[in-house]
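Participant: The primary structure of each chain is shown beneath.
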Amino acid sequence: METHLIQMYMRLANEFARTFDSLFHRIQSSMILKFILGLFWHLLHIAVSLVHIWSYVIQQLRCYIISSGLFAKYRNFSLSRLRYLAVIVDSQEAKHTAKIKQLLSWLSAIGVKHVALYDAEGVLKKSIDFGQTRLRDRSAGTCLDGDVNCVTSLCNYEEMSIELLSFTDGKEGIAKAASFLCSDYLKNDSDDCGRTETLFTEANMTKALKAVGYYGPEPDLLLVYGPARCHLGFPPWRLRYTEIMHMGPLKSMKYSAIVKALYDFSKKYQNYGS
Amino acid sequence: MELAFGRRDDHDREKRRPWVMDGCFIRVLSYSPMPRHIAFILDGNRQYAKKWNFTDGEIYQRGFCNLMSILRYCCEMGVEFVTVFAFSIDNFKRKPTEVQLVMDLVKEKMDAIIEDMNTVNDLDVRIKFLGRLTLLDESMRKAAEKLMAMTAKNKRLVVFVCLCYTSTDEIMHGVEGLWEEAKNNKGREKIANGLITAGDLEQKMYFANHPAPDILIRTAGETRLSNFLLWQTAFCLLYTPRCLWPELTFWHLVWAVLLYQRKYAYLEKITKRMCGFGVLLCQEHKKQIYSIYKVTLILLLKGGRSMVVESTCGGIEPKKSI
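Protein chains in written order, with the working numbering: chain Z, 849 to 1122; chain B, 4 to 325.
Misleading hints may appear alongside valid ones.
Stated by the list, open to error - Examples of chain B residues toward chain Z, derived with CB under 8 Å:
| # | residue |
| --- | --- |
| 1 | Lys96 |
| 2 | Pro99 |
| 3 | Ala195 |
Bear in mind the hints are in silico, worked out from the structure with no lab data behind them.
Because the structure is a prediction, the values reported are computed rather than measured.
We put the CB at the ideal spot given by N, CA and C, even for glycine.
All chains should be built: construct the whole structure from the sequences, respecting the hints.
Facilitator: As structure tokens, then:
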């Protein structure tokens, strides 16, 4: 009986050993495979970094040439198409108010008249102080097209009008306008089913946005200062045909890079879908 | 592909590349998080036609062929959702002949896919048409509905084809949805008290309950969104290669994924910060986690045989949205 049990145990042990051996070998080869994949992945990303370093060098060279004034085209170009400029700043970098003010001074020197400054977390709204200028609140103030009740935070700085925006001015603003539209129609007559298409038009939404104080003009150009090219929740209703240009981190902003961006914008052609 | 008059273009180089290379590259890329949803704006077809002397009909066929190639690459990369901006409401302003050409092409392809459903089902691809489909003629609308119904159970790759779509129209569609609910006395109080949130509106939009794009690729070097996915692309990487749509290749996709992987940590961080940690209103991301566990097995047998085994395993768990 004892011998029988011992034999059974030995057989079981051999089975387990065989199973775990093959599993162990498979795991070992899987670890080796992962190591090789990881190595190639890192090599690939080193190649990407080298390409980025090269692009950065070319960009710096270009900025130097532009700032030296060698090319007349960068000194004399028309800003007539640029009625409204928006600047997106990463919220971490938005805390550097000195940099923001320097950026605004450069924009003013170039001749930009209306700027919307956006950061997702609303750091600019809390921290930036334009000295003598006053922030106008949501219920008063004038828009560029003369309508009242249309701006969130508006102030003047160096002969430019500055609008401060954050994430809540985007989707939540549209939600409030939607709520306003629907509640308005609920109060009036909700029985006329055929009117839905005429009620919910984009023009009515624009009016609702004005009524709730989340309206603003659509920027022609959007400069993004941050690690990645994305619009970070800029109000969607104002972004339809806006050209979006990524400028890199705010800490390495350059005047000549802004000049180049505005020059490139002046050469753009839009057909608006047609 | 040799065309009439002996024209050759970049597609020939694509076809000569061995498929094994694609597989190897994709394995290497997959070491890090891959994008789950990629959106495309197919710009540059008419410029391509001028460059290579194609007619309008030929160029849209070529554009469609390239779309199929790109979808195949996305499938191989493990991308789960692809959105294609096929036709904007603004495109109705184009010449009627051009609009009809595009519509005829879309109808032709829809009919071809409906006839050959086995291929689509074998590839496990689901097709969804999003947009104001009431602007299409009845036969197209019925074909679209039929195709959506026939591919509804497929899961490997979901292709959103935006037809007669603009983002502002999508937002209005969401508002209409809220209005319809309010008329049926659902959420009336919320509307009356001004308590509608962006989340409520999002639930009524075309892309409700689908993850937002991780990368948006617009070809032809254009840097605007042209009223496409304005709501969904808040934290989406925008990539604008200079090549025209029919020139978009596997390598452009690889480059886009590499750029995405470089910015992944930043995009994740900012998405969590804005949408709430653990509550992603906007996006779902796949996160690879590796769990290491020890399995200790000691067999004590008469005679003193013992064995200790350590094993390490890897697993992938998706990060869920709430």
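Participant: Restraint: Lys96/B near chain Z, CB-CB cut 8 Å. Satisfied or not?
Facilitator: Interface hint status for Lys96/B: holds (4 Å vs cutoff 8 Å).
Participant: Given Ala195/B was flagged as interface, is its beta-carbon under 8 Å from a beta-carbon of chain Z?
Facilitator: 6 Å, holds
Participant: Quick check on the hint: Pro99/B CB to chain Z CB, less than 8 Å?
Facilitator: With a minimum Cβ separation of about 12 Å from chain Z (threshold 8 Å), the hint on Pro99/B is violated.
Going through the hint list in order, the structure does not satisfy hint 2, though it satisfies all others.
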